[in-house]
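Residue numbers (this note's numbering), protein chains in the order written: chain H, 1 to 227; chain E, 228 to 454; chain P, 455 to 681; chain A, 682 to 908; chain X, 909 to 1135; chain V, 1136 to 1362; chain W, 1363 to 1624; chain F, 1625 to 1886.
Honestly, the hints are just simulated from the structure, not real lab data.
Note that the Cβ used here is the ideal one computed from N, Cα and C, for glycine as well.
Take these hints with a grain of salt, some might be off.
[Claimed, not checked] Not the full set, but computed from the structure, chain A residues with beta-carbon under 7 Å of chain V:
1. Arg863
2. Glu887
3. Glu888
4. Val890
5. Tyr891
6. Ser894
7. Ile895
[As the list claims (entries may be wrong)] No more than 25 Å apart at the CA atoms, straight line, and that leaves these computed lysine-lysine pairs for DSS-like:
8. X:Lys1107 with A:Lys874
9. W:Lys1430 with F:Lys1644
10. X:Lys1112 with A:Lys880
11. A:Lys707 with H:Lys187
12. E:Lys420 with H:Lys199
13. E:Lys414 with P:Lys521
14. X:Lys1107 with A:Lys880
15. E:Lys430 with H:Lys203
16. X:Lys1107 with A:Lys885
17. F:Lys1662 with V:Lys1322
[To be verified] Covered, in the sense of this in silico footprint (three residues per stretch, anywhere, with C-beta under 8 Å from a C-beta of chain X), are these stretches of chain F:
18. 1825-1839
19. 1844-1853
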Amino acid sequence: MSVTEMFGYIQGFLDVDQEIREDIRKVVQTLEQTAREILTVLQSVHQPSGFKEIPSKCVRSRDLFCKVRAQIADLKTKFPSEQYYRFHEHWRFVLQRLVFLAAFVVYLETEALVTREDVAKILGIEVVREKGFHMDIEDYLAGVLIMASELSRLAVNSVTAGDYDRPLRISNFINELDSGFRLLNLKNDSLRKRYDGLKYDVKKIEEVVYDLSIRGLAKEAESVGSK
Amino acid sequence: MSVTEMFGYIQGFLDVDQEIREDIRKVVQTLEQTAREILTVLQSVHQPSGFKEIPSKCVRSRDLFCKVRAQIADLKTKFPSEQYYRFHEHWRFVLQRLVFLAAFVVYLETEALVTREDVAKILGIEVVREKGFHMDIEDYLAGVLIMASELSRLAVNSVTAGDYDRPLRISNFINELDSGFRLLNLKNDSLRKRYDGLKYDVKKIEEVVYDLSIRGLAKEAESVGSK
Amino acid sequence: MSVTEMFGYIQGFLDVDQEIREDIRKVVQTLEQTAREILTVLQSVHQPSGFKEIPSKCVRSRDLFCKVRAQIADLKTKFPSEQYYRFHEHWRFVLQRLVFLAAFVVYLETEALVTREDVAKILGIEVVREKGFHMDIEDYLAGVLIMASELSRLAVNSVTAGDYDRPLRISNFINELDSGFRLLNLKNDSLRKRYDGLKYDVKKIEEVVYDLSIRGLAKEAESVGSK
Amino acid sequence: MSVTEMFGYIQGFLDVDQEIREDIRKVVQTLEQTAREILTVLQSVHQPSGFKEIPSKCVRSRDLFCKVRAQIADLKTKFPSEQYYRFHEHWRFVLQRLVFLAAFVVYLETEALVTREDVAKILGIEVVREKGFHMDIEDYLAGVLIMASELSRLAVNSVTAGDYDRPLRISNFINELDSGFRLLNLKNDSLRKRYDGLKYDVKKIEEVVYDLSIRGLAKEAESVGSK
Amino acid sequence: MSVTEMFGYIQGFLDVDQEIREDIRKVVQTLEQTAREILTVLQSVHQPSGFKEIPSKCVRSRDLFCKVRAQIADLKTKFPSEQYYRFHEHWRFVLQRLVFLAAFVVYLETEALVTREDVAKILGIEVVREKGFHMDIEDYLAGVLIMASELSRLAVNSVTAGDYDRPLRISNFINELDSGFRLLNLKNDSLRKRYDGLKYDVKKIEEVVYDLSIRGLAKEAESVGSK
Amino acid sequence: MSVTEMFGYIQGFLDVDQEIREDIRKVVQTLEQTAREILTVLQSVHQPSGFKEIPSKCVRSRDLFCKVRAQIADLKTKFPSEQYYRFHEHWRFVLQRLVFLAAFVVYLETEALVTREDVAKILGIEVVREKGFHMDIEDYLAGVLIMASELSRLAVNSVTAGDYDRPLRISNFINELDSGFRLLNLKNDSLRKRYDGLKYDVKKIEEVVYDLSIRGLAKEAESVGSK
Amino acid sequence: ADTSRDVSVKSSSPVLAAFKVFQQELDTRHDKYERLVKLSRDVTIESKRSIFLLHRVTSVPNTEEILKEADLKLDGVRHKIGQIAEELMGEDIYQFHRAYTPGIQEYVEAVSFLHYIRHRRLISLEEINARLVFCSQGAADALSPGSQVLTFHVTPSDYLLGVADLTGELMRMCISSVGNGDIDTPFQLSQFLRQIHDGFSYIGNTGPYEVSKKLHTLRQSLAKVEDACYTLRVRGSEIPKHMLADVFSSRTTLIDPEEGVV
Amino acid sequence: ADTSRDVSVKSSSPVLAAFKVFQQELDTRHDKYERLVKLSRDVTIESKRSIFLLHRVTSVPNTEEILKEADLKLDGVRHKIGQIAEELMGEDIYQFHRAYTPGIQEYVEAVSFLHYIRHRRLISLEEINARLVFCSQGAADALSPGSQVLTFHVTPSDYLLGVADLTGELMRMCISSVGNGDIDTPFQLSQFLRQIHDGFSYIGNTGPYEVSKKLHTLRQSLAKVEDACYTLRVRGSEIPKHMLADVFSSRTTLIDPEEGVV
Ligand SMILES: [Mn+2]
Ligand SMILES: [Mn+2]
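Isolated chain H (complex conformation) (with noise of 0.2 Å):
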C-alpha cells in the first residue's frame, strides 16, 4: 500500500469521525433547545403567582421530556453505543442540565430525590453502562447539585409568595441531601467545587428557616424537624 492509498484510506476514518461528532452536535443543539423551554415552563414557579400553578408546570414539564427523549433516541443513533465516552464531551453538559431538570420536575410533583433510576426512564435512557446508552454517575450527581441551588431560590421565592411551610420541607431535604454528599469520596474536580456550593443553599436556606421561626412563622419546623 502506498503512502497516498494509506492516507486515503485513514482520511476515510476521520471522515466518519468528523461525522459522527457533527451529527452529534446538531442534535445536541436541539437537545439545548428543549432543555431551555422545559428551564422557562419551570421559572415560572418563582412567581409570586407561579406557586399555585406548579401542578400545570409539571404536567407541561413532562410533555417536553417526550420531547426530550426522542431527541435523545435520535442520539443515541448518532454513534455506536459502546464508543460513549469517546463523545462523552458533546452532551455531557446538556445531560447534567437536564437531569436537573428532571430532579426538579420530580421534587416539585413529589418533593423527592428522583433516583437515578427515575432520570434514566424520564430522559429515556440506561442506569447500567453496559446496556447502552446510559446514565454517567457522575453527570447525575451534577444535576442533583444544580436543582439543590434552584430550591435554595424557590425557598426564598416561597415566603415571598406567603407559602411558609415550603422552605421548612426544603431545608429537611436539602439536609439529607447534604448527608447523602458527605458518604461519598468525590475526586472529581468540578462535582467537588459544585459540591462546596451546597454548603451556601444548606446555610441559605437555614437563614430562611430562621426568619420564618422568629416571627412565629413555622411552628412546624419543630415537628417536622423531629419526626
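With chain H held as given, fit chains E, P, A, X, V, W and F with the ligands onto it using these hints.
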C-alpha cells in the same frame, strides 16, 4: 564518577521522594475519610432535634478521634520528622479540617476555645516543632476560623430550635475570638482572607441577637454582656 | 555616556526607589498597628455595656491619634512631597482605615460627618495637594463609606443594648450621606463597589427603624419617617 | 431506597472507577520507563559513530518492544475493553511516543513508513476498535509526526557524519509524508498543530539538500528525484 | 489562659516567623545582587573579544563566589537548619541561578559537568540534607539545565568569534547531559518543562556542528565523535 | 412589546445569524478542500523534476480556480453583501490561502506580482467594497506574504534542481516587494507578524544568491548586486 | 554598497505605486478606527454619568426634573453617536464595530434605564434606533429640505449586552428603594428582572459569547432583588394590624400578606 | 411617602454642599485623565508611524532624508507631549501617569531608534528630556521673553520600558540589513543589543514589573541577531580568497575570519 553514574545515583534520590509522597497521599486519604465521618456526626447539632443530643454526639466524635490519632501516628512513620515542611502541603488541608472538628467538639462541650495544646493532644501530635510532627500555628488558626463560621450557622439554627440563649453566648464567644485575632499581625494571605470572613460571622450573630432582643426573647442579653 | 553607564545611572534611580519603598513600608506597618489599636478601643461600643463608655472610648482614641500623627509625620520624611501619588498604593489602605476611625470617633462625639478638613487635622496632614502630604478625596470618601457600614452595625447593636433612639439618628445621618454620594460620578473602581455597599447599609438601618416603629418603640421614627 | 442507601451505592461505583484509574496509572508508568529506554537506544543513531550501528540498535529496540507488548497486555487487563475512550487520556501520551519509536525503528530498517497495522503488531494491540485495545488513528498520526521531526534532525546529523546520501532519501520520504498529510482534512487541534510543524521539517531538510547540492556533494539528488 | 493571653502568645510565634522571613528576604536580595554581578562577568564570554578572556573571567567569578559563600553563610544563621523546607521557596530561585553560574564557570574551566558535591563546595553548603543547609537535588538539576541553554548560545557565538572547535565539544557534552537526564523519571512539573527545553538546545547545537562540518571547518568532529 | 416578546424578537435575529454562519462554514469547508488541491498541484514545483512542468501545473491550477470561483459565488449567496465584515472571520483564513495560491500561480507564469485587481478576478470577487464581496486589502497583503515565504523555499530548491538563475530573479522580486511593504504603517497584528517574517525570507534568498555568486555560478548575480 | 541592492527597485515600479495606494488606504482605515474609539469613550463616559444622575430619582421629590436632565445629557450622547454615524456613512459598519461597541452598549444601558424609570417597561431595539436618526452635517449646512438623513443601527448583540448591564443598575435601584422606604418598586423590579432573566435563559448560549459571561452577574443581581423582596415580606408579616392605617398608609402592598403581591 | 425620608435631607445641608464640591473635584480629575488618555493614544500612533518610517533607511540610498522626515514627525509627537505637559502643569505627575505611560514609552522607543540610526549609540534619559521643554501656550501668546517654560520628565521606568521595546526594532533592522547585503550593521547591532541585554540582566528584577515581562522578548531578539551574525560568519568562511577584491570589496568584515570582527 561518570555522568551516567551520577544521574543513576540522582534517580535513586528522586525515587525515594516519590515513594514517600505516594505513601503520604494514601494515609491522608484515610484521614479525610475519618474527618468526613466526624463531620457527619457533628452536623446533626444543627437539626432542631439535635440540640438535646449534643453531649452524646461529642462522645461519638471523641471516639472517632481515636481513629484520627492512629492514622496520624501512621502518617508520622512515612517520612523523617524534620522534613515536616517539605511535605506540608499534602496534609495541610485535612489537618485544618481536623482542627476545626476538634475545636467544635470542645466548644460544644465547654463553650470555650480549644487551646493549641488541647488540639495537639486530641490529634495526637506535638505542640512544639522540635519534638516532631506538630501543630503548625497557622493551621491551628485556620481551623479555629472555620469553626467560627460554623458557630454563626449554629446561632441561626439554635433560634429555629427554640434555644434563645445560645446565640447570646455564641455572640460573646465570637467577639472574644475577634478581639484575639485583632491582636495578630497577619501576613499570610489565605489566613488573612479567612479572617476577613470572621467579620461577617460576627455581624451575622449580632443580627440574630438583635432579632431576639427586639422581640423580647433575649432578656438575658444585657446581663450576659455586662458581666 | 556608554550603554553600561546609562544602565548604571538608571540602576541608581531604581535603588533609591526601592529604598524609599522599603522605608515607607516600615512606617506603614507601625501605622497599621496603631490603627488596629484604635479599632480595638472603638469596637467596644458595639457591646451592650459599651454604650455608656462611648465618651471615654473617644478620648482614648483621640490619644492614640497623637501617635498616628507622629507616625505620619515620620512617613512624610521618607519621600519627596510632590511624589505623593508615586507611592500612594503603599499607604492607601491604611489611610482609608484611619479616615474611617477618625470619622467614627467624630460621629460618636458629635453625630456629624467629619469634614475633609477635620480628618486632615486629626491625621496631621494637608487638605490641598499643593501643600504637601494630603487627604486624597477618594480615600476620604472610602473611609467615610467604611464608617457607614460600621454605623449600620451600630444601629443593630443599639437595639440589643436597649437604645431605641440611636438607630433613628443613624438613619437620618446615613440618608444624608447617601444623598451626598448620589451627587458623585464614580468610576467602576473600588470606591464604586464600596458605594454600592452603602445601599445595603441604608437598607439595613431602614429595617431596624421599621422594626422599632411597628413595635411603637420609637415614636420619633414616625415623625421622621412621615415628614 | 433511602437517600443514604442510594449514596452508599453510588460510592461503590466511584470507588471502582478510582481504583481502575490508579491501576492504569501504574502500568503507564512502567510503559514510560520502557519508552525512555528504547529512546536511549535509538538516540545513538545521531552520533557520528552511530550510523554503522543502526542495524544492531534496531535489533535491541525490537527486543525492548517485547517488554512493551507485555506491559500493554497488562494494561488491557485493568479495564473493560469497550471503555477505551473513558480512560484514553491516561495512556494517550505514552502511546504516541511508542508509535514514534516503532515508526522510527521501521524507518531505520526499511526507509518506509510503518503502517498502522505494523505499529499495532509491534505494540501488540488491535487495529480495529471493535476487537479490543486498539491503535487510535489520531495517536498513530501524532506518532508519525514526531518521527518526521526526528528525521529532520537525522538529516542534519547524517551530513555531520559524512553520509551525504541519506538526507536526499529522507527528503523524498518526508515529501511523500507531507503529501499524504495534505490529503487529510484535520480538525483535531493538537494534531493540526503538530502537522504545522511538519512544514518546518520539510523546509529544514530541503535546506540540507541545498547545502549538499551547491557544494557538489549530492550528485545523486537529481537522479533520485526524477525516478 | 484567657483568649487574649493565648493570642498574645501566638502573636509571639507569628512575629518570630515574620522576622525570620524578613531576614531571609534581605540576605536573598544581596545574593541576587551578587548572582547578577557574576552573570554580568560571565556574559562577556559571548563577545567576540571575550573568548580569549575566559580564564580571567572565570577567576573574577570565582572571586565573587567568595562573596556568595559569605552571604549563604549569613543566610544559614537566619533560621534553624532543620527548617530548610519551610523557607525553601525564598531562596529556591536564586539558588538555581547560582548553580547555573557555578556549573557554567566549571564548564568554562574544565569542559566537564560540575558535580553536586562541587557545586555544594563552591556555594559553601552541604550535599546531604542531614548535615545542614544543603543542595536540593531538583534545584541542582534545574541549574544544570539553565546552563545547557547558555551553552547553546555559546556554541553560536563561538563560531561568530571564529572558534570552530568549541561547538563540537559543546555538542558532545550536551549529548552526554541529555543521556543523563533520560535516565531520570521526572515528575516535578517545572523541572520536566525545563528538560523539554533541553531538546531544543541539543538540536540547535547539532545544527551548528552541521554548518561547520559541511564547510569543512570541523574536521575534528568525526574524530572527537568516534573516540 | 413585552419583555418576552422582545426577547423572542431578538432570538429571531440570533437564529438567523446562527443559520447564516452554519451555511458559511459549510461552503468555506469546500473552499478549503479546493485550496488544498491547488496546493498539492503547486507543491510539485519544489521537486527537482517539477521545474520543467511549471507551465502545465499552472494550467491545472487555473482549472481548479474555476471551482474556487463557483464556490465563492455560492458563498456570496449566504449573507447580505453589505455585511461582509460581520462574517469576515469565517473565510479570512481560506481567502488568504487562496490569494497566496493565485499570487503563486501568477508569479510562476509571469514572475510578476499579482495585482489586487487580478487576484479579485481570479477569485471571482470585487476589488471595491461597495460593489460586493471583495478583496480585503489586509487579506491580500497577507496572501502575498505567504507567497514570499514560498518563494524563499523555491529559491533554495531551484539551486538543488540546478537552476541557478531563478534565485536571482526571485531576489529582485522579493526586494521590490519588501520595499513596497516598508511603505506601510501596520498595526501590531497578525499582518505585522507576517511582515516580520518577510525579512527572514529576504535574508534567506540573499544567502542563496551569495552562495551562488561566490562560486561563480551566477554571473548575473554580480551585475545585479553591484549596480 | 550596503544599500546597493535596493536601489534596483526603481521608484517608478508598479509595485511601489500600488503600495503607495495601499498605504493611504490602510492609514485612512486606521485613522477612522481611532476617531471611532475616541468617540466611543466619550459616549461611554457621558452615558455612565447619565446613569449616576438617574439613580438620584429614588431620593428626590421631583423625579421628572431629573429625567429631563438625563434626557438632555443623553441628547449630548446622541449627538456623539451622530458623529459615529457620520464616520460610518457608506461603510460596512461591522468593519469598525469593535471600535465603538463599548460606547453603544453603555448608551443602551443608560437609555433603557431612563426608559424603565419613566415607563416601567423595557425599551425595544426599535425605540432605541428610532432616536438615532440624524441629519448629515454636510447637508445640515445647506439647510435643504431634502437633506441627507443618517441612521445609526444598534445591533441586537449590543442591545442585549446593554440590557444585561442594565440589570445591575436595576438591582442598585431596588436596594436603594428599600433603603428609602419605597416598597412598591422592589416588587415591581423583581418581576421585571425575573422577566429579563428568563429572557436571557431562553436565549442561553445562542447569543454572543459576552452574554454568557454577564449571565452570572445577572443571576446574582436577581438573587439580591429576590432577597430584598423576601425581607420586605417577612418583616411585613409582623406588622400589627392596628398600626396599618395611621403609620404606613402608603405601604399598601404589605397590608395583608394573604392578598398576594404584584 | 416613597421619597419622604429623603426630603428630610435639606438641600442646604453642609454635607450636600461638601459633596457638591467633591463632585466637581472628581469630575475635573476624571476629565483630565480622559484627555490624557486621548493624547497618549495620539502619541502612540504617531510614534509607531515614525518607527515604520525609520525602517525604510535600510532600503533607500538617502538615509538623511528619512531621518529628517522622522524628526519632523516626532516634532509633531513632541507637540502632543507638550499638551500633556500643559495638562500636568502644577499636578503630581504620578497621579495621572497610568493615563499617558503607553504613549511615552512608544515615544522613547521611536526617538531612541532614530538616535541609534543617526549616532549608533543609546540616547540617554537626559537627552530625551532635553527635547521635551516647551513654552506654556498661555505664555506663548504674549510672546514675552520671560514666558513660562514647561518641562516634561520621562521617568526612568518609562525610559527603560521604551528601550526594552527598542530592542525588537533593532532586531528587525538587523535582519533587514542582512537581507539587503549590509554586513557591518548586523555585527554592530549584535554588540549593541548584547550591551542592552547585559544592562537589563544587571538590573534584573529590581526594575519595574513590566520589564521582567519584556526580558523574554529581549532575549529572543538577541538570539535572532546572534544567529544572523553566526550565519554571516559561517557563510563568509567559504569565500574564495581570489574573489574578495573584485566582487565584494565592501564586505571587509568578512575578508579574514582570523582578524576578528568589530
Ligand atoms: Mn452599569
Ligand atoms: Mn515596537
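Okay, the hints, checked on the actual structure:
{"no.": "1", "hint": "Arg863", "result": "5 Å, holds"}
{"no.": "2", "hint": "Glu887", "result": "6 Å, holds"}
{"no.": "3", "hint": "Glu888", "result": "6 Å, holds"}
{"no.": "4", "hint": "Val890", "result": "5 Å, holds"}
{"no.": "5", "hint": "Tyr891", "result": "5 Å, holds"}
{"no.": "6", "hint": "Ser894", "result": "4 Å, holds"}
{"no.": "7", "hint": "Ile895", "result": "5 Å, holds"}
{"no.": "8", "hint": "X:Lys1107 with A:Lys874", "result": "19 Å, holds"}
{"no.": "9", "hint": "W:Lys1430 with F:Lys1644", "result": "20 Å, holds"}
{"no.": "10", "hint": "X:Lys1112 with A:Lys880", "result": "18 Å, holds"}
{"no.": "11", "hint": "A:Lys707 with H:Lys187", "result": "18 Å, holds"}
{"no.": "12", "hint": "E:Lys420 with H:Lys199", "result": "19 Å, holds"}
{"no.": "13", "hint": "E:Lys414 with P:Lys521", "result": "23 Å, holds"}
{"no.": "14", "hint": "X:Lys1107 with A:Lys880", "result": "19 Å, holds"}
{"no.": "15", "hint": "E:Lys430 with H:Lys203", "result": "15 Å, holds"}
{"no.": "16", "hint": "X:Lys1107 with A:Lys885", "result": "17 Å, holds"}
{"no.": "17", "hint": "F:Lys1662 with V:Lys1322", "result": "18 Å, holds"}
{"no.": "18", "hint": "1825-1839", "result": "holds (count 4)"}
{"no.": "19", "hint": "1844-1853", "result": "holds (count 4)"}
When each numbered hint is compared with the structure, no violation occurs for any of them.
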